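Visitor: Chain by chain, the residues:
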Amino acid sequence: MNRGADFTYDSNDGESVIRFSGRMTLARMGDLPQRLAEIGGYDEGADQHGDDADRVSRIDRIDLTDVERVDTVGAWIIYRIKRDYRATIDGGKPEVCKLLGEIEKADKKVRIRPDRSSTLLEMLGTVGKASKVAFQSLIGMVGFFGAMVAAIGGLIRNPRRFRLNAVVQRFEVVGVNALGIIGLMSFLIGIVIAQQGATQLEQFGMEMFTINLVGRSAMRELGVLMTAIMVAGRSGSAFAAQLGTMKLTEEIDAMRTIGVSPMEALVLPRVLAATIMMPLLGFYAGVAAVLGGMMFVWIGLEIPPITYLQRIREVVPMTDVWIGLIKAPVFGLIIGLTGCYQGMQVEANAEEVGLRTTSAVVQGIFMVIVLDAIFAVFFTGLGWK
Amino acid sequence: MIIPEDHDVAIKVRGVVNAFGDQVVHDGIDLDVKRGEIIGVVGGSGTGKSVLMRSIIGLQKPQAGEIEVFGQDMLGEEAETDPDALDIRRRWGVLFQGGALFSTLTVAENIQVPLREFYPGLDPALRDEIASYKVTLVSLPVEAGPKYPAELSGGMRKRAGLARALALDPALLFLDEPTAGLDPIGAAAFDTLILKLRDTLGLTVFLITHDLDSLYAICDRVAVLADKKIVAVGSIDELMKLDQPWIQEYFNGPRGRAAIDTSRRSGQEQA
Chain R
1 MNRGADFTYD
11 SNDGESVIRF
21 SGRMTLARMG
31 DLPQRLAEIG
41 GYDEGADQHG
51 DDADRVSRID
61 RIDLTDVERV
71 DTVGAWIIYR
81 IKRDYRATID
91 GGKPEVCKLL
101 GEIEKADKKV
111 RIRPDRSSTL
121 LEMLGTVGKA
131 SKVAFQSLIG
141 MVGFFGAMVA
151 AIGGLIRNPR
161 RFRLNAVVQR
171 FEVVGVNALG
181 IIGLMSFLIG
191 IVIAQQGATQ
201 LEQFGMEMFT
211 INLVGRSAMR
221 ELGVLMTAIM
231 VAGRSGSAFA
241 AQLGTMKLTE
251 EIDAMRTIGV
261 SPMEALVLPR
271 VLAATIMMPL
281 LGFYAGVAAV
291 LGGMMFVWIG
301 LEIPPITYLQ
311 RIREVVPMTD
321 VWIGLIKAPV
331 FGLIIGLTGC
341 YQGMQVEANA
351 EEVGLRTTSA
361 VVQGIFMVIV
371 LDAIFAVFFT
381 GLGWK
Chain Y
386 MIIPEDHDVA
396 IKVRGVVNAF
406 GDQVVHDGID
416 LDVKRGEIIG
426 VVGGSGTGKS
436 VLMRSIIGLQ
446 KPQAGEIEVF
456 GQDMLGEEAE
466 TDPDALDIRR
476 RWGVLFQGGA
486 LFSTLTVAEN
496 IQVPLREFYP
506 GLDPALRDEI
516 ASYKVTLVSL
526 PVEAGPKYPA
536 ELSGGMRKRA
546 GLARALALDP
556 ALLFLDEPTA
566 GLDPIGAAAF
576 DTLILKLRDT
586 LGLTVFLITH
596 DLDSLYAICD
606 RVAVLADKKI
616 VAVGSIDELM
626 KLDQPWIQEY
636 FNGPRGRAAI
646 DTSRRSGQEQ
656 A
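Order-wise, the sequence lines are chains R and Y.
Heads up: the first sequence begins at 1 in my numbering, then just goes up one per residue.
Heads up: the second sequence begins at 386 in my numbering, then just goes up one per residue.
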């Protein structure tokens, strides 16, 4: 009953007949297409199959008397032989013939993928497109920042539209919920700096300077920088993914039609939260790193905490703390802005949400580090050494 | 092999209970879908039409009841691993409401996904040809093949979803509101397409719809979901004789009447 698809080929009396039998369905097809290809049953890539002598030059008749069932794949294979060899079809149940008729109508060449040009052109094209995207993204960011400033202006004139609840909620997500991980990270970094510093400084007998190292680097650079990286990874990515998904599901369009400005309702609270939370988190991270250093110094170098703290007060100038606090909100602004900007750029599909999220984090961290270098030069020039 | 008594029943649902938390959606659903018929499932919003479909195709496990597809138990302990049950899964195609096309693949590549998955040994050239004729079979223009779903209109996306559902030449086709969101001309063309496919491919079609015109135009029988049960199954004429308030309101309401008029008129024109 359930015979798989099979065929035999006979050529005599000047007539070549191919006889199909069994179930010509996708599930029962087995190796029939390959075997057909071996005798040249269809011309697609026929040159690669076997010797010319084995191949069939003509098929006059296709006999379908023994075919039990046909689905579209079976019908396609039969039709293709008919088309390529201009054969006639014999036998076959009415439903088989009907399906063959439908398949014949459906025979149009459809491209599977969009056309690709040559490798060199494509490479040049990719470079060109990438540069254009980078440039547009820069311009777009500036424009986005401008739109946000305009929205802030609108809010100042009309303060009742300010969404305090949304902002406070973002404070919690961006700030409070990050306390644990940022604290732990900074504490460990404090330990690592102290431990590495102590090993090197011991060689000159100047272990005491470990405290300078930890205190100054934590308050001035590492606390804020590591926090910025963590916030970019935690919140910048979340901003991009949230807004991107909302863009895909047309939530943002729906908002606009209701008369709610997505800038005010979605972007501002996020950017504001990142900007305000960054200095708090950065200072907290600095303190945690100092505490980490304290623990190492206490256990490893046997300097009591009270001495450590006194020494910190002596060697870490107030300007270091100011530098950290001045840099942090700028970093927060950059991270919030890139996250929201990238999220709002999502247009087409789910994959773009992923790509945009990645660029939000990468661009955010990159710009933070570039800015940090500029700040370092600037503050040194200012005499805050 | 002994042919079972209900050999011509494609889907058999008995006593299916579905509940989400405290909310009971289905309380003992019984339904038979015959081979080769187009059955329409109607019911108010929230009566669980889609949930019923999801139960049958195994996306939602009912709390109680039996579901058989082509005589194969789909719910038992072994249904997950049973090769026969797995084999049934490649014998149905599903068109979800939004099309659910994979957004990173072109239309033609979408059609090839089930082929790649179930028949990895298939010659790539043949696979491309299969995708080609499937595109044309669902009356998509040839230019649609290399396009991405985001570049298509809603109606074309539905057709592409249908082409993917038909990729493995299923015996059973599930359609979840295929004409929702289409303009009347597009919806009528979709109806004709489904009818044509049923006739040429011998499909059994499980159709969820709100579209009264579709019901009149293509359904052999209609099953009505109300009060957590299937309250009636039959042709529209049979249903209209029943004294069930929801059915009366549904078919004799202003929209129902309009749909009858249209179907009568088109019937006369053909005659």
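These are computed hints drawn from the structure, not numbers from a lab.
There's no promise every hint is true.
[Stated by the list, open to error] Label-pair ranges, simulated between beta-carbon atoms:
1) R:Glu-251 to Y:Asp-584: 35 to 45 Å
2) Y:Gly-506 to R:Ile-374: 36 to 46 Å
3) Y:Asp-584 to R:Glu-15: 30 to 40 Å
[Unchecked claim] Some but not every residue of chain R turned toward chain Y, in silico, with C-beta under 8 Å:
4) Ile-103
5) Pro-317
6) Met-318
[Unchecked claim] Just so you have them, the derived chain R footprint on chain Y, three or more residues with Cβ under 8 Å:
7) 510-519
8) 531-541
9) 603-610
Note that the structure is predicted; figures quoted are calculated from it, not measured.
We put the beta carbon where it would ideally sit given N, CA and C, even for glycine.
Visitor: Which hint numbers does the structure go against, in order from smallest to largest?
Guide: Numbers 2, 5, 6, 9 - these are the hints that the structure violates, sorted from lowest upward.
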